[in-house]
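Q: Position chain B relative to chain A; hints supplied.
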Amino acid sequence: MLKFILRRLGAALVILFGASVLLYVLVINSGDPLSDLRESNADNREYLMQQRIDNMNLDLPWYQRYWSWLTGVGKCFALQCDLGTNRSGVSINSLLELAASSTLRLVLLATLLALVFGISIGILTAVRQYSGLDYGVTFATFLFFSLPVFWAAVLLKEYMAIGYNDWVREPDFGPVQIIVIAVIAGFLMQVFLAGSMRRRIITFAVTAGFFAAALPSLTALEYFRNPQLGYIGVAVLTFAVALSATAMAVGVKNRKVLYPALITAALVSVVQVALYNVFVYYMNWFIMIGGLALAAAIPWFIGRSMGGRYKGIAAGVSVATGVIGAGLTVVDHVFRAWPGFLGMKPRPIATIGSQTPNFGGDFWQTMLDQGTQLLLPTILLTIISLASYSRYTRASMLEVSSQDYIRTARSKGLPERTVIFRHAFRNALIPIATIAAFDFAALIGGAVITEQVFGWKGMGELFQTGLREVDPNPVMAFFLITGTAAILFNLLADIFYAIIDPRIRV
Amino acid sequence: MSTMNDQKTPSSGDVYSLAEAEDARLIKEDAESLSQGQLIRRRFLHHKAAMVSVGVLVFITVMAFSSIGFAGLPGWWGKTYLDAGTVIDGGRPTLSLIPTWLGGDGIRWGEYPFGQENTGKDYFALVMRGTQKSILIAVIVGAVATCIGAIIGAVAGYFRGWVDSILMRVTDLFIVIPLLVLAAVLGQIAGNLGSSIVYLALVLGLVTWTGLARLVRGEILSLREREFVSAAQSMGSSSGRIIFKHLLPNTIGVIVVNATFAIAGAILLETSLSYLGFGVVAPESSLGLLISEYQNSFTNRPWLFWWPGVIIVAIALSVNFIGDGLRDAFDPRQTQKRSKKRKAKANA
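One line per chain: the protein sequences are A and B, in this order. Residue numbering for the first sequence follows the numbering used here, beginning at 1 and increasing consecutively. Residue numbering for the second sequence follows the numbering used here, beginning at 1 and increasing consecutively.
Isolated chain A, as found in the complex:
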């Protein structure tokens, strides 16, 4: 395995090297780096030109300039990266540090969300092939494929952000709005849950009735300005997660799996009350990540030790319950911080920038600030990459579903749930891993447009300015990040293959 990985890594580095030469040559030949100074009327024109020539080493031939860039990058292996300077002599390292964090946050979040939703939608449409849901989703994915990012972004800004911000000042629903929302929600719910006509009608009536009753009462309670989940809400939802995760994995009759999940849920319910003060007063990212790790590790042990014959599944279900429970606790605290946040930032959903300038709040308020700034670009990137994931998952699931071993699994009487999730889905994941690996790097490239529309000072900005000024170093820094990401994720995909498919043991 190690030899295989090393060989792949070596080949990838060679390709990366070749691509960097190609890009470097193309960028420095894409225009005249001095054009703006040539046209300027400044008195010290000659001096400015000479300064830029010195900064960019324009008096050297291209291979010497490339070589000095390459040796700077080579120092990365000694953890002393030197990515050169831009044309005015500012070090790229510091520029990239600022830019990369906001861009990677955006792209990682979007990829994660797109993978989760895309794969779920793909499975659902494959299981219900040629249903109304399938046709509807197929049309929607084709539409998303065909959407120009910059155009959709302006629409999102206009209708979602500005519309919501206006609305949240005085949240209110008119009777017509309530009826329309209730009918749409009921319709969508019956499409998703499907079943016989009778069942569909019942689903529709229950959902529509729920929304028709909930919207006015929530408005009356000022829920939209002052949302609450509370201890009880978190506890109830966590137990619901435990039950549904068990039901999805093996069914609630399996006590070996059900009990660890329920114990985890109980533990989450107790801990969220016990740690209330920590959450409110002493929260930081370190505690957050550590807490999430514990919320995964402890349930894992519970599941392993109590699961018996089903210890793998029990551990998985418990971990899911623990992590989602912890997530719900976080959501609860975000809700608690929301009224104060609205006071600081009356128009919450931002259309410009990656954070509000001069925003001084506590941990939760800062998180909400960054979250609301991140919301629109994330939705946009998620929608666009979701389309391809769901199509690939669907195709791959359909391909797998026609295999003999699926028929065998069905004919030996396994429940449909087991057939789909344990036999079909695992095998369908293999091609998706490859696509996701390539997609991540492409998405950083695609984020250039998103950042431009939303006015982020991210890597897209770095790249665009660099290219416009015919300044190779910023462009190469951008390429270095995407290229490394491409290699890294391809390696991860290779390792992932070996885990999910025992036949691939190189």
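Treat the hints as calculated values from the structure; they're not laboratory data. No residue lacks a Cβ here, since even glycine has one placed at the ideal position from N, Cα and C. Fair warning: there could be bad hints in the mix.
In silico DSBU-like pairs for lysine-lysine, Cα to Cα no more than 35 Å straight-line [claimed, not checked]:
1) 311(A) <-> 256(A)
2) 121(B) <-> 157(A)
3) 157(A) <-> 245(B)
From chain B, some residues computed to sit far from chain A (all C-beta separations above 12 Å) [as the list claims (entries may be wrong)]:
4) 40
5) 71
6) 92
7) 151
8) 173
9) 198
10) 202
11) 231
12) 278
Rough simulated footprint, nothing fancy, chain B against chain A, three-plus residues with beta-carbon under 8 Å [stated by the list, open to error]:
13) 23 to 34
14) 143 to 154
15) 439 to 450
16) 454 to 467
17) 479 to 485
A: Positioned in the frame of chain A, the structure of chain B alone reads:
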């Protein structure tokens, strides 16, 4: 299959043996046998989404090229995209599709169907000009990318060995640079060559061939082991003849389907680049350029933003659906389940 037998057997009541019945059935089926091309055409014509898309695409293309004229030929639309004029009614579009009995203004075309922009230029003419250019770029990109991809893939797959290694490493090289980045750099270079859209289109074609090259190579790798290739080789055909006369025609399905998807991708790529300022530059025009010029007028004159966007979506969506229809037509394996289900429904 069983239903078919049920229908046929009564007609062959006077035959003596099972074999003769079978022969009679085969002869009868032969009467309606179809060639491969006919089968594909028939499957494609039955794909509803694809047929609707063909209609939409033809409509948009004919509108774009006939209305304001193309390459010196005059069009039927009286106004040009150059003439500024007085802004009438805030430049609001006069196109109306809601009939009077529904409370609208009646179905009419009006003086300025798509409205006017800030200086009073007719926006319909501007949008049609942008559409023309965008379609032209997409078609050229699709053609160039398809040719390069098919040839590189076929040569790599046919010769294998070191030729294959080198060509595929070159392909990887192009893949590892994000498409938008490479396209933007080359777009800027093309902009320096001249403002003609042809340069941009050719350059974009140079970077979008990689996916097709990989697919064609895969197909050729399995095709080259077939008997007809050995036969051609033993008759002394040159490599070029084998590749172009024997191998590539057999991969036409993959090529055609991917060419359509390449066109849809090219439309979006070109509009994105023009939006960023690395693609089509004034005085040329394209749909992406129109959006980036008028995006700030969204609150005052939203139609300046809506029309080009809607047309981009319409073109990309219909080309994607046509591609989907072609894929189903060339490779019906994925759709077999549907036809079975339909037959079962029809029988029940």
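Q: Does the structure break any of the earlier hints, and which numbers would those be?
A: 3, 8, 12
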